[in-house]
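> Those protein sequences? They're chains A and B, same order as listed.
For our numbering, count along the first sequence from 1 and bump the result up by 8.
For our numbering, count along the second sequence from 1 and bump the result up by 8.
Calculated from the structure, these hints are not laboratory results.
There's no promise every hint is true.
Claimed, not checked - If we take Cβ atoms under 10 Å as the criterion, some of the chain A residues that face chain B in the derived model are:
| hint | residue |
| --- | --- |
| 1 | S135 |
| 2 | G153 |
| 3 | P264 |
| 4 | L268 |
| 5 | D269 |
| 6 | R273 |
| 7 | R280 |
Stated by the list, open to error - Chain A side only, calculated, beta carbon under 10 Å to chain B, not exhaustive:
| hint | residue |
| --- | --- |
| 8 | S93 |
| 9 | R140 |
| 10 | C272 |
| 11 | I279 |
| 12 | L285 |
Built from N, CA and C at the ideal position, the CB exists for glycine as well.
There are 2 protein chains.
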Amino acid sequence: MNLESPTLSDSERLDRLRLIRSENVGPVTFHALLRRFGSARAAIQALPDLARRGGRAAPLRIWPSAQAEQELDAARRMGARLLASDDAGYPAPLAAIYDAPPLLYLRGDAALLHRKTAAIVGARNASANGRRLAEDIARDLGAAGFVVVSGLARGIDYAAHRGSLETGTIAAVAGGADIAYPPDNEDLQRAIAERGAVISEMPPGTVPRAKHFPRRNRLISGLSLGVLVVEAALQSGSLITARFALEQGREVLAVPGSPLDPRCRGTNNLIRQGATLAEGAADVMAALEGMTRLPEPVAGQETQLTEITIDSALETDRRTIEELLGPSPVMVDELVRQCHLSAPAVRSILLELELAGRLERHPGNRVSLLLTASAHGS
Amino acid sequence: MNLESPTLSDSERLDRLRLIRSENVGPVTFHALLRRFGSARAAIQALPDLARRGGRAAPLRIWPSAQAEQELDAARRMGARLLASDDAGYPAPLAAIYDAPPLLYLRGDAALLHRKTAAIVGARNASANGRRLAEDIARDLGAAGFVVVSGLARGIDYAAHRGSLETGTIAAVAGGADIAYPPDNEDLQRAIAERGAVISEMPPGTVPRAKHFPRRNRLISGLSLGVLVVEAALQSGSLITARFALEQGREVLAVPGSPLDPRCRGTNNLIRQGATLAEGAADVMAALEGMTRLPEPVAGQETQLTEITIDSALETDRRTIEELLGPSPVMVDELVRQCHLSAPAVRSILLELELAGRLERHPGNRVSLLLTASAHGS
Chain A
9 MNLESPTLSD SERLDRLRLI RSENVGPVTF HALLRRFGSA RAAIQALPDL
59 ARRGGRAAPL RIWPSAQAEQ ELDAARRMGA RLLASDDAGY PAPLAAIYDA
109 PPLLYLRGDA ALLHRKTAAI VGARNASANG RRLAEDIARD LGAAGFVVVS
159 GLARGIDYAA HRGSLETGTI AAVAGGADIA YPPDNEDLQR AIAERGAVIS
209 EMPPGTVPRA KHFPRRNRLI SGLSLGVLVV EAALQSGSLI TARFALEQGR
259 EVLAVPGSPL DPRCRGTNNL IRQGATLAEG AADVMAALEG MTRLPEPVAG
309 QETQLTEITI DSALETDRRT IEELLGPSPV MVDELVRQCH LSAPAVRSIL
359 LELELAGRLE RHPGNRVSLL LTASAHGS
Chain B
9 MNLESPTLSD SERLDRLRLI RSENVGPVTF HALLRRFGSA RAAIQALPDL
59 ARRGGRAAPL RIWPSAQAEQ ELDAARRMGA RLLASDDAGY PAPLAAIYDA
109 PPLLYLRGDA ALLHRKTAAI VGARNASANG RRLAEDIARD LGAAGFVVVS
159 GLARGIDYAA HRGSLETGTI AAVAGGADIA YPPDNEDLQR AIAERGAVIS
209 EMPPGTVPRA KHFPRRNRLI SGLSLGVLVV EAALQSGSLI TARFALEQGR
259 EVLAVPGSPL DPRCRGTNNL IRQGATLAEG AADVMAALEG MTRLPEPVAG
309 QETQLTEITI DSALETDRRT IEELLGPSPV MVDELVRQCH LSAPAVRSIL
359 LELELAGRLE RHPGNRVSLL LTASAHGS
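The following block holds chain A by itself, in its conformation from the complex (with noise of 0.2 Å):
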């Protein structure tokens, strides 16, 4: 099994792996340090002084080489690929979004990832119409050359794999490409490795937590042009892939049902946020439409995101921005409004902080003051 990109080399994919798994590096922090340091090696060797300059005393634990050996020896055992995003096999849409995983494994066929793709996804103890929908519209869409996008829970995404099993899904699940999560889906989990795709961002073995479900959700979206959102109570786990595909900048539609049955409740309200209301498969087809070029990664957005000024942080300047921060999110572009200093010097200062552990991101470049961590300990 191939693991290598022809356009990195062995090592450098290895650091990227050794500088993801390290503390206090999200996806976010990964893609402006490896802008500012053109390669993971070197910025690995920034990251000790940068933890620092955060304020964290104990010294930033590095993720060791031998460690990230072991875990592309267990992704080959499963034969996973390791796709860096800006491997040319990367999925197109999941590059574009601001916090894309700077390497995916992905178990099955690396072709699906380069089709256009519509996500379905809803309640997992959903109605039996509603499974009989999502079924119906995944093998609707499949038909018309669509890849069914979905996150192997019960419910909704398992029957949305099912329809769309034999024309083409990708699941993204939340713990390790090799975990069969939950348990009574592995069969399809097998299945759709062997004929679909699998993607995960974690290590093989990784067993999923709560924790991991909205990032999983965010991959789902990610992947795709659109999501459908097929049943769903009020504050549910759906609700959260929607708005992630709203940030995102796709489609987001829903199936309209009966106000009696809570699990309508959520759809209803996407439906009066303004989502598309969608009864089947050619409501989803005429509102991607539109979108039959797959996004482009925004590239004034990325620049915006990494570019960073590492040297020209000041310790006056670090506690003006601090002193900016609370536990509330706030805009990073508000926060560069209001503290007199360069976009470039403010996100260096964040970038630190959040290194020393300090600081929380959220969607839409918001960010907040981690109070409760320990700021000078590990």
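Since chain A is already given, all that's left is putting chain B on it; use the hints.
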């Protein structure tokens, strides 16, 4: 029972009844004639000449006084009040529509016509859930001070009246106010006549036929600030009511439902087209909040529709208009733009054509030529 208004003499009221019951006189023509000639009596005298100018050879059938007297007697016997469109007791929202019934029979509580109103309509073959929703929403709207308007049909209409019988309900019926239709709703109709209000523009004893229902539907929407559709198939009568509501400047709301139920296709489609999604009475109240003041009669529109200059119509002008008209409805405004005649002159010619039985009026101030009608016979 007092059938008279202080502002209208007995004889003028009788003449108005004769005018609206005369051949080829609809509400729009009625209002135009009354405005032009000042009284129903003068308009009746002018009818034969106007019809002749429109191309009518046989004499127009003017409604005899004796038959009008008989109708008023029948109305008295069932305890109905006859409201003229300029009576103070006439419902203000209905007076605002361009084809308001010149005369309206009312059985029951006249005070209901002057409270804020919301219509609930929908499928006759409604589901148990749809009926329950309609009844619950009607009850909640009633508790919030709304009078609920519906059409006394089976299914949703029945449930809407039932839910609002104690708090205030108005039934607009297609036949005479004394005719129970459908027969199985007889008990409910009697109860509404006693505790609510039954509204009809048809003579007592009229058994409703298919062509009467669209006219009834415009009453339902015309009486209401907004129309909520609960379950409706595609191309069903409830959608006609919704279209009238739109044309009358009223709110349109619809309850969403499963795409698998054909009874929800019409409501889902309304939402797709811009109707407000409603899951309960709170949504209806929120939508009607901005309309707590009853709509005023649109004075400008009324003038525009009724200002005519009977005497200026020359034979050549008439032929110009006849040539421009065809079996497909055309906007009167468009006609005026294309013919280089004054708007009042065009309207005069249209009125004469209508009286001659050669013109059909359509919603949205549109008209078409009746090609199959015998233009020169009775």
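> Does each hint hold? Answer for all of them.
We went through each hint and held it up to the structure:
no.	hint	result
1	S135	holds (9 Å)
2	G153	violated (22 Å)
3	P264	holds (3 Å)
4	L268	holds (5 Å)
5	D269	holds (9 Å)
6	R273	holds (7 Å)
7	R280	holds (5 Å)
8	S93	violated (38 Å)
9	R140	holds (7 Å)
10	C272	holds (7 Å)
11	I279	holds (6 Å)
12	L285	holds (5 Å)
The structure shown violates the earlier hints numbered 2, 8.
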